[in-house]
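Following numbering that gives the first Met the number 0, the numbering of the sequence shown begins with 0 at its first residue and continues without gaps.
FYI, nobody ran anything at the bench for these hints, they're computed from the structure.
These numbers were taken from a predicted model, which means no experiment stands behind them.
Simulated restraints, written as ranges between beta carbons of each label pair:
no., residue 1, residue 2, range
1, L28, L103, 18 to 24 Å
2, A106, I19, 28 to 34 Å
3, M0, A106, 50 to 56 Å
4, K107, L28, 20 to 26 Å
5, L14, L97, 19 to 25 Å
6, L60, L21, 19 to 25 Å
7, G35, Q127, 46 to 52 Å
8, A106, I77, 38 to 44 Å
The beta-carbon is built from N, C-alpha and C at its ideal position, and this holds for glycine as well.
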Amino acid sequence: MIDQNDYALAWQVYLGVGVIALLLWLLLLRAYRLTGLKLWALLAVAALVLLPSHHPDVAGLWMPATIGALLSLMTGGIESAMASLIIIGAGQIAALVLAITWTLIAAKKAPSTPTKPTPASSERVEPQL
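All chains, please: the whole structure from these sequences, using the hints.
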């Protein structure tokens, strides 16, 4: 059985690796121009990686919800994994709602008129030969 120090160390390592994975995911998402889609993809992966849930057998222990759901699904069936699956689903819904809200707020703050080109930049200048 693990003691409290091992438990804390395991969570610190897991969260550290999870944050590094999210930063790498953010680097991969830089290519997309749609900020709402980028934000949703980042929040959805953060919810999958970082959300905790209670251990079904041991009271007082927390575990990553995704890992707990998969292990509970393999060992005890869908009934034992349902608590973790509900947490994962709620996290995904929250990520989607936050991304949509942020996109709508950002769209209202964006200028509605397109920028007009300045006369100097629209004139063609022929090179002198």
